[in-house]
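Hey, can you work out the whole structure from these sequences and the hints?
Protein chains in written order, with this note's numbering: chain L, 5 to 269; chain Y, 1401 to 1780.
Because the hints were derived from the structure by calculation, they are not lab data. Treat the hints loosely; a few may be bogus.
Said to hold, decoys possible - Examples of chain L residues toward chain Y, derived with CB under 10 Å: (1) 29; (2) 31; (3) 151; (4) 155; (5) 179; (6) 183; (7) 202; (8) 206; (9) 207; (10) 215; (11) 225; (12) 231; (13) 261; (14) 264; (15) 265.
Every residue gets a Cβ at the ideal spot worked out from N, C-alpha and C, and that includes glycine.
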Amino acid sequence: MMKKRRARTKLRRRLAGMLAIAVALVGVGTLYSVLVPEPQTAQAQDDPIMVRQGEQIYNTTCISCHGANLQGVEDRGPSLIGIGEAAVYFQTSTGRMPAVVQGAQAEEKPPVLTPEEIEQITAFIQANGGGVEMPEESGAELRGDDPARGGQLFRLNCASCHNFTGQGGALSSGKAAPPLEGVTEDQMYAAMLSGPQNMPRFSERQLSPEEKKDIIAYVKSVADGDNSPGGNPLGGLGPQSEGLISFIVGLAALLGITLWIGAKQ
Amino acid sequence: MSEDYPEHRPKVPSDEELAGMSRDELATLGMKLDGVEMVEYPDPWPVKGTRAEKRAERAVALWFGLSGLAGLAFVAAFIFWPAQYVAANEPGHFWYSLYTPVIGTTLGVAILAVGIGVLVYTRKFIPHEIAVQERHDGGSNALDKATINAQLADAGNRSTFARRPMIKRSLAFGGGVLGLALTVVPLGGLLRNPHAQSANEDGLLHTGWQHHGDEKVFLRRDTGYSGQVQLVRPGDLDAGAMETVFPFRESERDDHDALVHALKRADNPVMLIRLRPEDAAKVIKAEGQEDYNYGDYYAYTKICSHLGCPTSLYEQRTNRILCPCHQSQFDALQYAKPVFGPATRKLAQLPITVDPDTGYFISTGDFIEPIGPAYWERKS
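Set out below in structure tokens:
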């Protein structure tokens, strides 16, 4: 849904300019909110049916690594008590969990569980282990209105691992901070709240909800192809790739002009 | 004079002959006097008014015209194009994102088109002549050498410099001191003790965390608004969290410059880490730093002990602190000692506790060792 919406928005921007974009955003946003009236994460922790359905999924999908009582299994998976719905939502919606292989870190892959199953298992773990909950808002509501300040906070808190335009980077012993391209607002918020894998956690008292939303606004303003005024971001790595390209292209152009000036008629 | 020169040089015309010469004849004569002979001097457009000539003329005019138009477009874009930042997902971003390309392209085209116009004009309309210039063999002849030497000696003599000692001495003084002044730059560093100021407030041995008198130094977070003061409480961080904190003193609360400076000073950033309880149980503390932590909270400088990069890649599961520049790794559970990479010294630890009056974190002192890279006089 998110992907389709983004692609459509992009197409219209190219074709019809800014007016069309505003119309498209409003239209698609309305359609989206009509089709998905409630965020799939922040609801019904107390619904016993959902908790029971979540338990069944847990018993077939998660139990071998996380134990029968969410207590974790030595050398296989950590305890899930107290991780909260933010962690469950992030791990399952990005496909990191259920993991298929033990490794340096669980890799992102297409989600195995459907949104309904994610909702159910989130309810089960929240009901039994408790922990940080997702905010009321979701989607574009999680974008703050000060991306410049979000950029400041991003560079202070996030850029050391994720790169200053969210391209990701290496960590120790085969681990890596993932690029933030295509990550949804909800997933980013959930990641900041829950600190998946080796990412530190950022509580609401450390980074206020407004600060988190500004950070998301910043990431959304530079990720997903939004950061290439020259037509190609060149990896978003900064001066290395940009310098190399301008050196090669610029030098070739200068050489060409020099040859033309010196050429005989 | 003329007998020294090659015989085919033309005779110098008399005044009457000169007055009667046409422009072409004068130009040819001028070249011949310089020993230059035109072998080929073709008119690029021997038949006047051809279509090709008109086309070439239009091409030149087109480039100059294009330059003018691009220049006008540049001025207009510079004044009227929306230059205010608009984030990528907000309406108006498209036009804003074109601001830099537009002013760059228009000015670039304006400059380039003038250059191309001049070049095209040169290539199309300036005759491409082939000229031969006579050169004499060997050095100058004896007469030239003797006369030029006499002229130089005469000029020196007439300047009377040799018999004016006051000017000579003052020049020696001025020039000599200037030369000496240039050697001060490389030699000066050897004369002054570079560590004379090290123990001062801004010196190498201290950071912005240095205590002045009894004033408390609080841990302050950066909220993205440099004038805002937000202090850190023990409940603020979740287990497995890391936060960059900066020093704050109550006397700086209304001093905006000092508040900004505290965030910018290079040796100020400190990583405040809250370990997960099960990890905190495994901590090994450095000798003499047993009471530097507050519960699960540990504060280490963000400045790498290798070459001073911000070493802020904290892995909350492995409790490693990584430096992105040269891949040094420090173990947060063992007083941030280096466990991998080129760094050889631990990260300096900031002693922290909680202020009983306000409940906020304070530092109980400055770092006990210089932070950042090593230097010659450093003991450890």
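Against the structure, the hints:
This hint holds: residue 29 of chain L has a C-beta 8 Å from the nearest C-beta of chain Y, less than the 10 Å allowed. Using the Cβ-Cβ criterion of 10 Å, the hint placing residue 31 of chain L at the interface with chain Y is not satisfied: the shortest such distance is roughly 14 Å. For residue 151 of chain L, the suggested interface contact is upheld, since its CB lies about 4 Å from the closest CB of chain Y, less than 10 Å. The criterion of a C-beta within 10 Å of any C-beta in chain Y is met by residue 155 of chain L, whose closest approach is roughly 8 Å, and the hint holds.
Given hint, residue 179 of chain L at the interface with chain Y, holds; its Cβ is 7 Å from that chain's nearest Cβ, closer than 10 Å. Checking residue 183 of chain L against chain Y by beta carbon gives a least distance of about 16 Å; that is not within 10 Å, so the hint is violated. Because the smallest distance between the Cβ of residue 202 of chain L and any Cβ of chain Y comes to about 4 Å, under 10 Å, the interface hint for this residue holds. For the restraint placing residue 206 of chain L at the interface with chain Y, the shortest Cβ-Cβ distance is roughly 7 Å, inside the 10 Å limit, so the hint holds.
Contact between residue 207 of chain L and chain Y, as hinted, is supported at the beta carbon level, the nearest pair being about 4 Å apart and thus within 10 Å. With 10 Å as the threshold, the beta carbon of residue 215 of chain L comes within range of chain Y, its nearest partner Cβ sitting at about 7 Å, so the hint holds. At a threshold of 10 Å, the smallest CB-CB gap from residue 225 of chain L to chain Y is about 4 Å, leaving the interface hint in force. Because the beta carbon of residue 231 of chain L sits about 7 Å from the nearest beta carbon in chain Y, less than 10 Å, this interface hint is met.
Interface hint at residue 261 of chain L: satisfied, since its Cβ lies 9 Å from the closest Cβ of chain Y, which is below the 10 Å cut-off. Among the interface hints, the one on residue 264 of chain L holds; its C-beta lies about 8 Å from the nearest C-beta in chain Y, closer than the 10 Å criterion. Here the hint on residue 265 of chain L is kept, as its CB sits about 6 Å from the closest CB of chain Y, short of 10 Å.
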